[in-house]
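Take these sequences, add in the hints, and give me the full structure.
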Amino acid sequence: MHLSHDPVAESIRKVYPYQVDLENCDGEPLRHIQVVQAYACLLAVDLEDLVVRHVSENTLDIIGTPWKEIIDRPIQDVLNYEVTAQISVGLSRDDGFETLNPIQAFFTVNGERLIKNVIVQRDEDCLYIEIESASEFIQASRYQQLLSRAISKIQRIKEYDNLFTETATVIRQVTGYDRVMVYKFDHQFNGEVIAEARAEDLEPFEGLRYPHTDIPKQARDLYLKNRVRLITDGKIPPARLHQSQQSDINNLDLSMVLCRGVSPVHLEYLHYMGVNNSLSVAIVLDGKLWGLFALHHYSPRFVDYSIRSMLAFIGQIFSGHLSLQSANRYRQETLTRNLARLAIGEMITKTRDLFDGLTKGSHNIMNMFPGISGAAIYFEERFESFASTPSLADIQGLVGYIQKLGNPESNLLFYSENLSEQYPPFEDHCDDAAGGLIIFLNPELTDWIAWFRPTVTQTVTWGGRPDKEVITAEDGTRRLGPRRSFSKYVETVDGCSAPWLKEEVDMALSLRITIQNSLMQRYTEVKQVNEQLKKALQDLETFSYTVSHDLRAPLRAINGYTEILAEDYGHQLDQDAHRIIAKIHGGVEQMNSFITDILELSRVGSGGLEVEPLDVSTIAAEVIAELRPVYASTTDIGIEIKNKMPLVKGDKRMLRQLLLNLISNALKYIQPDEQDNYRLEIGVRKVKHKGQPVYYISNTGPSIPEEYARSIFEMFSRLSTQSDTEGTGVGLAIVERIVNRHDGEVWVTDDKLGVTFNFYLDAQKN
Amino acid sequence: MYANQILLAEDDSTDAEFFQRALQRLDSPPELIWCKNGLDALEGLLNASASSPLPRLAILDIKMPGMSGLEVLEKLKANERTRNLPIIIMSSSDEPQDIAQAYDFGANSYLVKPNRFQDLRELVGSINSFWIKTNRLRPMVG
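Protein sequence lines correspond, in order, to chains U and P. Residue numbers for the first sequence follow this note's numbering, so the first one is 37 and each next one is one higher. Residue numbers for the second sequence follow this note's numbering, so the first one is 130 and each next one is one higher.
Each computed BS3-like pair below joins lysine-lysine, with the alpha-carbon atoms no more than 30 Å apart:
id, chain 1, residue 1, chain 2, residue 2
1, P, 192, U, 570
2, U, 688, P, 192
3, U, 704, U, 685
4, P, 192, U, 571
I should point out that these hints are in silico values taken from the structure, not numbers from a laboratory.
Next up, the structure:
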């Protein structure tokens with residue numbers, strides 16, 4: 037903050053009716069500044085009666101008539117017939133005055149007959165008539181020639197990068213300005229000079245940035261209405277606008293007026309820049325202000341209206357060319373990237389594995405984007421990372437943050453050029469993961485692919501320190517002054533990555549769609565396979581049932597005939613023959629147990645459950661009574677069944693089978709403990725599982741090695757170390773099947789007496 | 130009067146032979162009438178007359194071509210003349226629904242075919258003696 041004693045600023049300010057200060061700077065009413073530039077005069081005419089209601093003070097200098105003789109007079113009294121005739125034509129036309137402008141007419145000023153350009157525009161209430169000098173040197177043919185040469189030059193430009201410099205050069209040739217710059221806005225409307233053509237003795241401005249405050253929003257909006265803006269001479273005081281007593285319009289809106297007065301802030305700005313004359317041409321792309329052609333001249337200069345319209349036209353040609361070129365570039369980039377995406381898609385199909393498809397091929401997630409520091413994928417609990425990425429835990433932290441954010445764009449995609457700004461823990465990863473792009477492979481946002489970009493230390497060269505000054509005037513009012521310093525100011529910006537371009541984001545989105553399609557396809561396939569499996573299992577159960585039955589008949593035949601052979605012809609056979617007969621019986625017996633077990637297994641799989649409350653100890657006692665003669669006839673086994681076990685809900689037949697198999701299994705593999713005692717215990721554990729009592733059958737003997745603890749429940753699995761013990765290997769498979777059908781679990785532990793089988797049932801639902 | 134005969138409906142000739150051999154080992158074995166399928170057995174029993182009286186007992190296998198043992202059973206129990214004929218279903222099946230259905234149709238007994246010949250012999254012995262005794266207790270029909 038400082039006191040202003042600047043004579044230039046003071047003199048500029050004097051003529052303006054507005055005080056632009058801190059309180060109204062954002063809305064600095066550019067279009068309501070009631071002055072016009074000295075190079076032209078303005079007559080604003082009420083459309084209802086065609087009487088002049090506003091007039092600029094300088095009419096005497098421009099058209100030879102004092103303003104007082106113009107105000108409140110009908111237009112035909114002020115302007116000669118040639119002009120008013122054209123105006124009435126324009127008023128009756130649909131396209132208004134566009135094709136009529138400029139109307140050329142002679143005015144007598146200080147006794148001299150001068151040709152002037154009359155430019156007419158209208159809105160709903162008013163007709164705005166501007167009269168300015170017409171250059172006698174601008175002949176129609178010369179104008180045509182310049183324009184067509186400029187256009188053909190621009191259209192011949194092939195390289196996107198040359199477009200700007202070439203166009204600036206063409207414009208400089210046509211206009212003869214000291215400096216022609218192509219000034220491009222970024223998304224925050226900071227401007228950068230991306231190309232220029234200048235007189236050799238001038239300092240280059242190319243690469244300089246200007247803060248968005250240099251061209252405030254209301255100024256940018258005006259560029260969309262009037263594409264060309266001429267400021268002829270900042271030093272000549274502007275002409276005040278006078279208003280009729282009869283007019284009900286206070287503060288005429290001058291947004292359409294070409295010679296609209298310049299904001300004092302901007303004039304100061306130009307002054308500090310050393311520029312005396314500026315001409316700006318808006319470059320509009322897709323309805324938005326893309327940038328400007330900014331023309332500077334260091335001495336006063338007037339540019340004829342025809343040349344200015346030509347520049348507006350060149351601006352349009354340039355916009356068209358620009359959108360064509362950027363569309364081409366987008367298409368080219370998309371095409372190249374699509375090839376990579378297609379290659380990945382093909383790899384997914386070929387490997388039949390999404391994860392491998394995304395990671396294994398020569399096209400994979402790592403080489404999808406340029407300038408990547410690393411990529412990582414987390415899919416169905418598989419993780420793989422390429423090059424340098426944060427750790428899985430750190431990325432999951434970021435993913436957690438995004439999950440909390442939700443999925444606002446509902447496109448399952450997140451990207452940022454500055455991750456740590458949003459998610460501070462990533463400050464540690466600023467070097468190689470300053471920016472990130474993440475696509476999510478499921479709506480729960482738990483599976484993802486992430487790409488990271490390193491930090492780019494950006495050097496931004498500002499055309500002077502990018503802050504506006506607050507100036508306190510002598511009377512104590514505070515106002516906003518423009519920046520005064522245009523000496524280069526270099527700023528280093530850290531923590532941001534190179535931007536994720538639109539085509540890159542689109543590419544990630546289309547990869548996500550490819551993945552989703554392939555997941556959908558896989559889901560359908562899995563579903564089909566599942567159904568086939570289910571059918572196959574049913575077939576197998578039917579099959580094993582039938583086969584077991586059919587197998588019994590030949591077994592009975594073998595058994596029966598062997599017995600008959602032994603009984604009826606036994607006396608004719610020697611001892612060896614009898615031994616062989618015994619072997620046959622043994623084999624048949626074993627075969628029989630197989631068939632019985634397989635039948636039992638297929639039975640457990642099919643048919644409904646009849647669930648009722650059952651007493652485990654009663655059934656266990658029955659089963660033991662049945663088994664004891666078979667297994668414990670020779671060994672003395674201490675069997676204990678705990679009393680007061682809770683009832684269990686289950687199918688009686690199946691629970692009986694379950695206990696039969698577990699108890700017979702225990703009796704089969706029982707070994708004495710250190711005191712040489714054989715013991716078996718059936719009881720219930722203290723801790724419930726999923727709210728259900730856990731029953732156990734424990735026997736003395738060596739514990740089952742952990743690696744077999746699951747596989748013993750598989751069909752036909754028997755511990756090889758105990759291969760001499762009889763058994764079919766189906767018994768425990770039946771146990772697991774019964775438990776599964778009751779929505780329960782069975783597992784082995786090595787506590788209690790030694791080996792313990794535990795199970796719980798949870799059959800309420802059935 | 131009952132003839133001193135047992136009718137066996139059995140499509141498996143091996144099982145039939147075992148049954149025959151087991152029967153022959155009894156002290157005074159009854160005559161075995163062997164029908165190879167259900168339909169033959171049903172016709173034979175329904176056409177029984179004074180000249181060819183009903184056997185003392187019919188033993189039916191379940192799984193037979195044409196007509197199953199359970200169908201034969203159902204028809205015999207529905208017929209006035211054969212309603213009281215003792216019928217034993219003898220099958221390799223120990224499926225609960227087969228057993229339940231047999232008793233529903235009025236079978237007097239359901240036996241699972243033993244795997245061992247020795248067991249069969251004992252079973253046939255008890256069948257013979259039990260049903261001879263049972264028959265004596267009941268009034269003669271026919």
